[in-house]
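Undergrad: Produce the complete structure using the sequences and hints provided.
Protein chains: 2
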Amino acid sequence: MNHDSSMVNSYRPGSAALTVRQQDLIDRRERVLGSAYRLFYERPIEIVSGQDVWLFGPDGERYLDAYNNVVSVGHCHPRVVQEIARQSAVLSTHTRYLSELVLDYAERLVATMPAALSQVMFTCTGSEANDLALRIARKHTSATGIIITENAYHGVTDAVSQISPSLGPGVNLGSHVRTVPVPDPSMGADAGAVFAKSVAEAIADLQRHGYQPAALIVDTIFSSDGVMPYVGPMLTAAVDLVRSAGGIFIADEVQAGFARTGDTFWGFQRHNLVPDIVTMGKPMGNGYPVAGVVVQSEVVARFGNESRYFNTFGGNSVAMAAAGSVLDVIENQGLQQNAQAVGIAFAEALRQVQSGDSRIDAIRQAGLFIGVDLVHPGNDRNADRIFASHIVNRMRDNGVLISATGRHGNVLKIRPPLTFSLDHVSVFIHALLASLATAQ
Amino acid sequence: MNHDSSMVNSYRPGSAALTVRQQDLIDRRERVLGSAYRLFYERPIEIVSGQDVWLFGPDGERYLDAYNNVVSVGHCHPRVVQEIARQSAVLSTHTRYLSELVLDYAERLVATMPAALSQVMFTCTGSEANDLALRIARKHTSATGIIITENAYHGVTDAVSQISPSLGPGVNLGSHVRTVPVPDPSMGADAGAVFAKSVAEAIADLQRHGYQPAALIVDTIFSSDGVMPYVGPMLTAAVDLVRSAGGIFIADEVQAGFARTGDTFWGFQRHNLVPDIVTMGKPMGNGYPVAGVVVQSEVVARFGNESRYFNTFGGNSVAMAAAGSVLDVIENQGLQQNAQAVGIAFAEALRQVQSGDSRIDAIRQAGLFIGVDLVHPGNDRNADRIFASHIVNRMRDNGVLISATGRHGNVLKIRPPLTFSLDHVSVFIHALLASLATAQ
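Here the protein sequences line up with chains U and V, keeping their order.
Note that my numbering has the first sequence beginning at 1, numbered continuously upward.
Note that my numbering has the second sequence beginning at 441, numbered continuously upward.
Simulated from the structure, these hints should not be mistaken for lab results.
Positions of the beta carbon are idealized from the N, C-alpha and C atoms, including for glycine.
Among the hints, erroneous ones may be present.
Away from chain V, derived, C-beta distances all over 10 Å, residues of chain U [unchecked claim]:
{"no.": "1", "residue": "62"}
{"no.": "2", "residue": "265"}
{"no.": "3", "residue": "344"}
{"no.": "4", "residue": "422"}
One side of the interface only, derived from the structure: several residues of chain V facing chain U at Cβ under 10 Å [what the hints assert, rightly or not]:
{"no.": "5", "residue": "447"}
{"no.": "6", "residue": "546"}
{"no.": "7", "residue": "559"}
{"no.": "8", "residue": "733"}
{"no.": "9", "residue": "734"}
{"no.": "10", "residue": "743"}
{"no.": "11", "residue": "752"}
TA: Okay, here's the thing in structure tokens:
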């Protein structure tokens with residue numbers, strides 16, 4: 001496999017000693033998997049089972065999972081497992097026959113959103129959801145220009161890879177794409193004005209090159225830009241500008257959605273606005289491949305009139321059962337409230353670590369999504385990508401899984417299942433202190 | 441929902457009387473599903489469960505499924521259901537950790553192919569597989585031109601919708617796309633020469649417009665073009681031309697793959713050539729969302745070097761367990777051999793019906809993929825789309841599910857699970873005779 005300087009925390013051959021078994025598995029991967037695959041960690045880990053917030057290796061090694069947001073109600077949650085097993089044995093078919101399953105779930109999903117967001121389309125992946133959102137936006141606006149954030153990630157289809165600069169310089173952005181920097185959330189109310197100014201410039205530059213703006217699309221927690229959970233309506237002025245220019249606003253909730261941010265069920269609700277399209281994926285089925293688009297009915301009208309859309313597996317019977325059980329668990333176990341409470345305590349514990357370690361700069365947190373900036377100590381406090389990679393790997397050695405993100409790769413990305421408890425926070429902090437101590 | 445003249449067998453409001461329950465479900469769909477959704481049949485059917493080749497409605501109605509190729513080893517096959525349930529309870533995670541599951545399956549998959557096709561990349565849908573194949577082809581060839589068949593269907597992402605003319609005139613083809621007609625398989629060896637001539641013209645036209653050819657991509661059974669199972673190397677000359685011009689050949693096996701054609705495991709093997717890329721999807725997990733790309737290692741090398749590719753759910757633990765169990769069942773139940781034997785008997789039974797009904801023109805069959813042309817009787821024998829739609833709907837009334845396809849919409853598309861038996865053929869023929877008798 002190739003290494004990839006644009007990807008934080010990717011395995012690079014020769015960077016650490018491996019066991020015979022690890023090397024054998026890596027050799028097999030190099031032979032039989034296409035060369036675009038990447039592994040995590042200096043010493044990649046083998047996983048054979050998972051339970052709640054824990055992952056287990058072949059020799060019983062145990063890892064605290066503080067990274068995988070897909071399994072947002074916990075690895076192998078019994079209710080989700082049971083529903084997948086039950087429905088798989090009864091029926092697994094598509095949306096061109098009538099079925100209450102897809103309608104029950106769709107109605108339940110839109111009920112979590114403002115009334116204007118009334119219609120659903122199901123896909124299998126967040127990439128497909130964003131790809132479909134772009135197709136809908138283009139039909140609705142008769143325009144093609146797209147505005148994204150500087151280090152955005154929206155997926156891997158051809159169309160959305162062109163709006164995903166975080167994939168690195170080997171993947172071209174489209175000529176119809178403009179990027180805008182993400183202001184520092186610590187700017188408070190000013191961040192919105194700064195962001196709006198950048199978006200205004202992007203609109204003008206698109207127009208100067210013959211494109212009209214079709215959409216502004218953002219991950220509402222700006223995960224790949226470094227985890228930027230704004231407090232207050234940072235996006236409002238920018239969205240107003242885009243709409244005035246004939247474009248729409250797409251909220252990518254693949255990262256922030258389904259109760260992760262604690263205070264709200266969807267990330268866009270923290271910004272106090274109503275998107276034209278909302279896309280979602282990863283945690284929707286707790287690992288079962290299901291994703292989707294929720295859209296205002298008039299926004300999808302022209303697309304629906306001129307195109308049909310059929311996704312063979314999208315919204316299939318089992319996907320709907322799995323996704324329904326995820327909503328059940330979030331409600332029954334109070335996971336939004338848990339994300340809120342544990343997230344605050346988690347951030348507080350991190351701030352105590354920060355008070356004794358000048359290499360930790362800002363800590364940004366919303367629910368159980370936390371970004372921790374690591375910097376060179378001293379006056380300049382420049383981003384320290386190498387130190388972040390070191391800590392991610394020492395955390396792995398200490399049995400805790402996280403990664404790093406952001407334009408400079410120096411932001412620890414902490415994003416555990418929503419069942420994370422105060423005890424798990426203690427385990428995490430203990431490992432973090434040990435990891436920091438390896439590089440004093 | 442909108443009706444869609446480009447889609448054969450789509451429900452059109454008002455075309456038939458519905459029950460209160462059907463109308464209620466349709467009303468709910470119109471409210472909560474995006475308007476690009478379509479239903480099958482004049483009187484859409486509600487399905488609540490399935491078993492092997494049978495689907496069941498809410499009041500115990502039973503339908504013989506002669507259409508759904510996704511469930512290729514039968515609805516709710518116990519071994520697949522068990523494997524999905526078992527693995528879901530143990531681990532469902534992604535490919536950035538080491539796991540034998542993905543390697544075991546990948547090695548098993550490439551073992552079904554010629555040695556040069558040695559590397560796999562997993563996606564969730566056939567659309568994603570074809571989208572990824574286009575990205576790989578562009579990197580490898582440094583070209584962008586794509587040649588497809590006249591009524592091709594390759595999926596619904598933005599990129600592959602642009603190479604899917606069967607989606608109708610509301611979905612634009614790319615300016616870098618050229619279509620070629622599919623010759624009549626009854627031409628025998630001449631079909632290859634005719635096809636090669638069309639491809640040569642497409643290459644020349646691309647070049648005249650400033651594009652170099654990146655790829656020729658075909659569904660190896662030409663399903664949406666009307667089900668065209670060639671005998672012999674129809675594609676060889678055309679593929680040679682494309683390769684001489686710097687392009688590659690992509691075999692889309694979403695329809696033909698996984699033993700459906702009976703004589704071979706993959707459709708491209710019937711053409712006696714080795715593709716540069718093979719894409720697959722629908723039947724791979726018997727309904728579990730899993731799909732993929734198999735590629736020659738040197739063809740994916742540049743893509744892998746310049747891009748990483750990560751599909752969150754693609755190749756996940758449960759997908760691999762499901763896909764592995766599908767291969768088990770195909771082998772253990774001899775389903776390739778069954779498709780071969782029952783397919784021949786099925787075609788023979790259809791030819792007996794044809795001998796007594798001049799509205800049935802050609803019958804084309806490979807394994808359990810059968811196309812039956814319906815025409816106006818008389819000398820011209822023009823395609824009869826309305827009659828085909830009538831028969832599809834009468835078959836539904838008689839408890840058998842099929843659809844229609846082809847550029848003129850007059851080809852009955854018969855594509856049952858691979859467990860179809862001679863008894864099921866009898867049920868089908870009985871229903872067909874009754875359906876034909878309703879419009880003498």
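Undergrad: For a quick check of understanding: which of the numbered hints are violated here, in increasing order?
TA: none
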